[in-house]
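J.: The lines below spell out each chain.
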Amino acid sequence: MALIEIKQASKGFGTEGARTEVLKGINLFVQEGEFIVIIGYSGSGKTTLVNLISGLGRADSGDVLMDGRAITGPGPDRGLVFQNYSLLPWLNVTENIALAVDEVFPDWTKGQRAEHVAKYIAMVKLSPAAHKLPRELSGGMRQRVSVARALAMTPRVLLLDEPLSALDALTRATLQDEISDIWLKNKTTVIWVTNDPDEAILLADRVIPLLPTSPATLGEALTVDIERPRDRKAINHDPRFKKLRAQLINTLLDAKGKNKVKSSRKLVLPDILPEDLTKVNTLQFLNRRGPKRRNELKLEEVEVTA
Amino acid sequence: MKHFKLDSILLPLAAILACGFLWYVIAGRSVTTTKKDDWGDTVKVTKRKGISADLPTPAETWKASKLYVTDPFAKRGELDQGILRFTWMSLVLVAQGYFIALVVGTPIGFFLGLSKKFTTAFDPIIQVLRPVSPLAWLPLGMILFSGVKIVNGDGRTTFGASDAAALFTIAICAMWPTVMNTAVGVRAVPQDYLNVAKVLKLSRSKTLWKVLVPATLPYMFTGFRLSLGIAWLVIVAVEMLTGRPGVGGFLWQQYNANSYAHIILCILTIGVVGYVLDRLMSVVECKFKTA
Numbered sequence: 011m012a013l014i015e016i017k018q019a020s021k022g023f024g025t026e027g028a029r030t031e032v033l034k035g036i037n038l039f040v041q042e043g044e045f046i047v048i049i050g051y052s053g054s055g056k057t058t059l060v061n062l063i064s065g066l067g068r069a070d071s072g073d074v075l076m077d078g079r080a081i082t083g084p085g086p087d088r089g090l091v092f093q094n095y096s097l098l099p100w101l102n103v104t105e106n107i108a109l110a111v112d113e114v115f116p117d118w119t120k121g122q123r124a125e126h127v128a129k130y131i132a133m134v135k136l137s138p139a140a141h142k143l144p145r146e147l148s149g150g151m152r153q154r155v156s157v158a159r160a161l162a163m164t165p166r167v168l169l170l171d172e173p174l175s176a177l178d179a180l181t182r183a184t185l186q187d188e189i190s191d192i193w194l195k196n197k198t199t200v201i202w203v204t205n206d207p208d209e210a211i212l213l214a215d216r217v218i219p220l221l222p223t224s225p226a227t228l229g230e231a232l233t234v235d236i237e238r239p240r241d242r243k244a245i246n247h248d249p250r251f252k253k254l255r256a257q258l259i260n261t262l263l264d265a266k267g268k269n270k271v272k273s274s275r276k277l278v279l280p281d282i283l284p285e286d287l288t289k290v291n292t293l294q295f296l297n298r299r300g301p302k303r304r305n306e307l308k309l310e311e312v313e314v315t316a
Numbered sequence: 026m027k028h029f030k031l032d033s034i035l036l037p038l039a040a041i042l043a044c045g046f047l048w049y050v051i052a053g054r055s056v057t058t059t060k061k062d063d064w065g066d067t068v069k070v071t072k073r074k075g076i077s078a079d080l081p082t083p084a085e086t087w088k089a090s091k092l093y094v095t096d097p098f099a100k101r102g103e104l105d106q107g108i109l110r111f112t113w114m115s116l117v118l119v120a121q122g123y124f125i126a127l128v129v130g131t132p133i134g135f136f137l138g139l140s141k142k143f144t145t146a147f148d149p150i151i152q153v154l155r156p157v158s159p160l161a162w163l164p165l166g167m168i169l170f171s172g173v174k175i176v177n178g179d180g181r182t183t184f185g186a187s188d189a190a191a192l193f194t195i196a197i198c199a200m201w202p203t204v205m206n207t208a209v210g211v212r213a214v215p216q217d218y219l220n221v222a223k224v225l226k227l228s229r230s231k232t233l234w235k236v237l238v239p240a241t242l243p244y245m246f247t248g249f250r251l252s253l254g255i256a257w258l259v260i261v262a263v264e265m266l267t268g269r270p271g272v273g274g275f276l277w278q279q280y281n282a283n284s285y286a287h288i289i290l291c292i293l294t295i296g297v298v299g300y301v302l303d304r305l306m307s308v309v310e311c312k313f314k315t316a
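Quick mapping for you: the protein sequence lines, in order, are chains A and B.
When you line the first sequence up against our numbering, it's residues 11 to 316, in that order.
When you line the second sequence up against our numbering, it's residues 26 to 316, in that order.
For the record, the hints were derived by calculation from the structure and aren't laboratory data.
Keep in mind that this is a model prediction, so the values were computed, not measured.
Backbone N, C-alpha and C fix where the C-beta goes; we use that ideal spot for every residue, glycine too.
Hints may contain errors.
Partial pick of chain B residues on the chain A-facing surface, computed with a CB cut under 8 Å [what the hints assert, rightly or not]:
#1 I76
#2 A78
#3 V214
#4 D217
#5 N220
#6 K223
#7 V224
#8 K226
#9 L233
#10 K235
#11 V236
Let the sequences and hints guide you as you build the complete structure.
T.: Put into structure tokens, the structure is as follows:
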């Protein structure tokens, strides 16, 4: 049985009348230990999809199941890494992670919990910065703290919502490698959301495009059969990588193209004739009767010079 | 940069001198004339003349206030004490009333910020009560707490209805900025932080103390600062009406005693103390600017 199953889920926002459907007919099956990447344009509903799994949002219809049970709310079995880090700025690195650990492992002793926190800080290579506040850290370091916080809860699924899109390209590459190393070590199930095709193929077992139809639907999954660990430099020349990349980009571009809405609407032009302005500045303005409408004209004189 | 620094001292100084001069010009001065009365004796007649005849000049003000300023902690009688001694009494009263305002106002602000229903229910009441003047609250306080009387061993009342009314008035007037700012602060807590609390499944009390309160602190302190300003504003009115000794009580009593120079002394003292309090609070406020 799949760890996470989404069956025919749909989700929209707004009330009757001003309602937008965001997701429709979503079907997703994630096996234990799988690394899934969901790729899509910004604004196409990726975060909404992640929220369905994390429990921050509820599907309007359809089922979202984990271990065969419906997901009704957030929980520590699904660690969430936010796009904007969402660290609490008044707590330092250790305290931010400890907040999660204290909540998930209340029966442990203080020493055990502190050790656990330190272990995950070391895992993301932040031990020297353990007592710094988030504002003293760079973007990449903050995102590492966020990853460590999610991992420290020892979740069954790690959900990452565009975790690296706020970072510069070089930092992004480093973090991709680091997170992929961590994953190779403990093989947690990962659902990673991104808008970067290279990142998707580099990291994933399966890449699933979220097609920008309106409402959005999931496209055909691409299985990435490149063996791990994947070398960032070598993979660029791998023909399988090139093929997958082209395939993925085509799928996304095609969906975008088909989705272009042609609007045909009849525009009614104003039925009004300009006023004779020569009268405005003379005393004759007293006789003005305002602008005329074309349909009020009984006779229209048109001068034609032959 | 040096030039700029000099400016920041010289310009205010110039403005102060200009105001002092204006004061000097409109103030009245004593003019003594000798004239013969109906019996033919020469008598000295002292009259005050000037644009505002009864307003003492800066020099007269200083002469009359000197004793109070140079010996600020003297106690010559219940109603004749050094200016800082009076100020201290007022400050103690303000501190008590202010404390009540914060203790009551902050939770109300939190409820307003957290619950839409609570806001809908209580917002009209708050908006109506907010602009009511301290002068209006005080009589109500007197009625409300008319039964309050704490007597010490000697049979003297240490805490009576007027004390309770004074505290009530300060608290209820000073409370609103804290209430409003806390409410706004709670509403302004970023959804991200609340999502973190939800994902970590923090308990209600932990969400409050670890997420909501720290995130709201900067707003709360802005409210606290405004509240302190109002509490200090209210003290004069309260002391005037209840006749408590203090800087405001002293002001009113000296007005009744035709000792106008002391009124100016009191006004300046109230202003300076208010300014110092505000500065102190803004220092504390800066410390809590977490986010």
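J.: Evaluate each hint against the coordinates.
T.: The hints, checked one at a time:
1. I76: Nearest chain A Cβ about 56 Å off; hint violated.
2. A78: violated (60 Å)
3. V214: violated (11 Å)
4. D217: holds (4 Å)
5. N220: Interface hint status for N220 (chain B): holds (6 Å vs cutoff 8 Å).
6. K223: Given a least distance of 5 Å, the restraint on K223 (chain B) holds.
7. V224: holds (5 Å)
8. K226: holds (6 Å)
9. L233: Hint violated; L233 (chain B) Cβ to chain A Cβ min 13 Å, cut 8 Å.
10. K235: Cβ of K235 (chain B) sits 6 Å from chain A, so the hint holds.
11. V236: holds (7 Å)
Of the numbered hints listed earlier, those contradicted by the structure are 1, 2, 3, 9.
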